[in-house]
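Top to bottom, those sequences are chains A and B.
Letter by letter, the first sequence follows residues 61 to 427 in this note's numbering.
Letter by letter, the second sequence follows residues 21 to 332 in this note's numbering.
Careful: at least some of the hints might be erroneous.
Heads up, incomplete: computed chain B residues facing chain A, CB under 10 angstroms, no partners named [claimed, not checked]:
#: 1; residue: E93
#: 2; residue: L99
#: 3; residue: Y228
If you're looking for bench data, these hints aren't it; they were derived computationally from the structure.
Ideal Cβ placement from N, Cα and C applies to all residues, glycine included.
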Amino acid sequence: MFRGLWAVMRKEILHIRRDPATRFIFAIPLIELLLFGYAIEIDVKNISTVVFDLDRQMESRALIKEFESTRYFRVIREVYSDRDLEQAIVSGRAKAGIKIPPNYSRDLVNGQQAKVQVLIDGSDSTTALRLLQASQTLGFLKSLEREGFTQDLMAIEVRPRLLFNPNLESANFFVPGLIGILLQLVTVFLTAFSIVRERERGTLEQLLVTPISKGGLIVGKLLPYCAIGFIQTGLVLLVMVLLFRVPIHGSLSLLLLLSGVFLIPALGMGIVISTFASNQGEAMQVSVLFMLPSILLSGFIFPRESMPLVIYLLSFLIPATYYIEILRGIILRGAGWLALWDEAAVLLSFGALFIVLSVLRFKKHLG
Amino acid sequence: METVIKAEGLTKKFGELIAVEDVSLEISRGNIFGFLGPNGSGKSTVIRMLCGLLQPTAGRAELDGLDVVAEAEEVKKRLGYMSQRFSLYEDLSVQENLDFYGSIYGLRRARLAERRQSVVNLAGLEGRQAQLVQTLSGGFKQRLALACSLLHEPRILFLDEPTAGIDPVARREIWDLLFRLAREGTTLFVTTHYMDEAERCSQVGYIYQSRLMVCGRPEELKRLPELTPEGALWFEVLCDEPTQALGLLREWPEIIDATIFGEALHLLARKGTDEEGIIGFLKPAGGGRLECRRVLPSLEDVFVTLTRRHRS
Numbered sequence: 061m062f063r064g065l066w067a068v069m070r071k072e073i074l075h076i077r078r079d080p081a082t083r084f085i086f087a088i089p090l091i092e093l094l095l096f097g098y099a100i101e102i103d104v105k106n107i108s109t110v111v112f113d114l115d116r117q118m119e120s121r122a123l124i125k126e127f128e129s130t131r132y133f134r135v136i137r138e139v140y141s142d143r144d145l146e147q148a149i150v151s152g153r154a155k156a157g158i159k160i161p162p163n164y165s166r167d168l169v170n171g172q173q174a175k176v177q178v179l180i181d182g183s184d185s186t187t188a189l190r191l192l193q194a195s196q197t198l199g200f201l202k203s204l205e206r207e208g209f210t211q212d213l214m215a216i217e218v219r220p221r222l223l224f225n226p227n228l229e230s231a232n233f234f235v236p237g238l239i240g241i242l243l244q245l246v247t248v249f250l251t252a253f254s255i256v257r258e259r260e261r262g263t264l265e266q267l268l269v270t271p272i273s274k275g276g277l278i279v280g281k282l283l284p285y286c287a288i289g290f291i292q293t294g295l296v297l298l299v300m301v302l303l304f305r306v307p308i309h310g311s312l313s314l315l316l317l318l319s320g321v322f323l324i325p326a327l328g329m330g331i332v333i334s335t336f337a338s339n340q341g342e343a344m345q346v347s348v349l350f351m352l353p354s355i356l357l358s359g360f361i362f363p364r365e366s367m368p369l370v371i372y373l374l375s376f377l378i379p380a381t382y383y384i385e386i387l388r389g390i391i392l393r394g395a396g397w398l399a400l401w402d403e404a405a406v407l408l409s410f411g412a413l414f415i416v417l418s419v420l421r422f423k424k425h426l427g
Numbered sequence: 021m022e023t024v025i026k027a028e029g030l031t032k033k034f035g036e037l038i039a040v041e042d043v044s045l046e047i048s049r050g051n052i053f054g055f056l057g058p059n060g061s062g063k064s065t066v067i068r069m070l071c072g073l074l075q076p077t078a079g080r081a082e083l084d085g086l087d088v089v090a091e092a093e094e095v096k097k098r099l100g101y102m103s104q105r106f107s108l109y110e111d112l113s114v115q116e117n118l119d120f121y122g123s124i125y126g127l128r129r130a131r132l133a134e135r136r137q138s139v140v141n142l143a144g145l146e147g148r149q150a151q152l153v154q155t156l157s158g159g160f161k162q163r164l165a166l167a168c169s170l171l172h173e174p175r176i177l178f179l180d181e182p183t184a185g186i187d188p189v190a191r192r193e194i195w196d197l198l199f200r201l202a203r204e205g206t207t208l209f210v211t212t213h214y215m216d217e218a219e220r221c222s223q224v225g226y227i228y229q230s231r232l233m234v235c236g237r238p239e240e241l242k243r244l245p246e247l248t249p250e251g252a253l254w255f256e257v258l259c260d261e262p263t264q265a266l267g268l269l270r271e272w273p274e275i276i277d278a279t280i281f282g283e284a285l286h287l288l289a290r291k292g293t294d295e296e297g298i299i300g301f302l303k304p305a306g307g308g309r310l311e312c313r314r315v316l317p318s319l320e321d322v323f324v325t326l327t328r329r330h331r332s
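Next comes chain A alone, as it looks inside the complex (with noise of 0.2 angstroms):
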């Protein structure tokens, strides 16, 4: 019933020995798990946040600083008008914005009510209501320090006001990256095996005696699979506006065209992976490798603020970061080009650097 098992069993493990792949079966759960270990440990904090001080007295600085001290906010920088106190939300640089007004430390020494204004950006609903309680909180306790006050006349009102989806529907947060992601994993899968295919059937030798050039054959294999990337997006962007629900607050132009420009380094990353990879089984281990790192650091599921700093750091390299960005702006803040250059300029520098990498990588003879 079971013969040749043993014999099959040691030829097995003569491949597996001889396979160079081998050499990262083990490393490649630990680094996997010690890279979302730490990003699924961490809590909501440090949460970019912008401050507009009016009153810029020792009072309103100390306020600031209770804030930080929550650990919640972090201040990237100050902004010195409404509108830009708005729009560092609407681009994504901020999640939320402190405003403090002209007269807030003059009511607090005259012992009068103080009012403070806190934007929040309600897109992610998580997010949004863990920075929603901690300042209500902040404002509580920060009352109880002052005599003469009750809980129904607060010596300092955080008034608090949530900035696009008010209802905190998660779905309107969790689609938009999804579709991020989505599409970065189809599209990394579509040309991973391009190249290591022909490489495999034999029909690269013939290819690599012609007078073809490198850059014809990588460019000539990634824009069919762009075309095809572009139906996907639109397919998915139909069914989020029909099924899900997610109305497009932005200009759906500007989100085609941003989408195109994803597509380059999603696609272009799959080349380089195939390029590198020996054969097919190769280009999906890697492939697969590079698929966690997209879910769990480009802040789809996790703020990226509260990573600590060198993943952080690491989410800066995944294109899908930046896809995230442009999606949940244009479709759930209504960002417009103006917000939302950087982020194209990053993709496109990564598409191009993706394209240069493969091409100085791809080799025209064997061996």
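Please build the complex by placing chain B on the supplied structure of chain A, with the hints as guidance.
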């Protein structure tokens, strides 16, 4: 004659393994060069280096006077290559494959149509243009591969075992085609395991254990002095029981070497042994037909003898 393919001290190492060592050769225009050698002796590696597919570890090669490493892309426009393994797209039709390769070589629409028609006729692929390659037989796949490699009218054509695994009729047809190309001025470099194919080449080379053992015209090789010891002669014996005769001859001290060659026996006999001597030796063993005549060694004799000498 104008030298078209030239190699000097061509060497390829894969790590510790020496795949090709110090191969030098010169082939002039319009020749069919037959490249022979056992599996793994380095035939394909030499071809791949000449085509610019592999970079030599040492030595250099020129095609049409162009260095195959420094001017690889220019060289590629002048050569056609048909690899050992079928390497066209199985999921494309005959015409789609031809169109793809034609456009890579920069053939524009009208020229492409003209060249495509020409190679389709040449390779006998009429009526099959719309067929998917995966449904073609082995012989037709080889014809298509050949047709693809001829689209851009290469001056030099490399064929790595073009007739391996196809039936004798298809084999004959492919060789007819090769002769026609050679007559028209194409230089051909063909590897093969078939001795009858080697006999038809205008020049042959024999590679054994990574080294080129001999290279030249078949008649020249058959007269190589190191092949035949001083005064020894080659004979062909025709008899009814060649296997039995072979056993007897191998025991006879006068015979240096004996092999079965088709229906006949090929003998290398020591100085002083002649036709009568051999007939006289074999006669008592049995009746029937018994003929003996002097011959030149076959190419197979040449290669076998050289291989044995190299081993000892």
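Point to revise | chain A contact restraint for L99(B) - C-beta distance below 10 angstroms | key: holds, 7 angstroms
Check your understanding: Should the interface hint for E93(B) be scored as holding, given a Cβ-Cβ cut-off of 10 angstroms against chain A?
Key -> Where the cut-off is 10 angstroms and the nearest Cβ of chain A is about 5 angstroms from E93(B), the hint holds.
Review point. Holds or violated: is the Cβ of Y228(B) closer than 10 angstroms to a Cβ in chain A?
Key: violated, 22 angstroms
Against the hints set out earlier in the document, a violation occurs for number 3 only.
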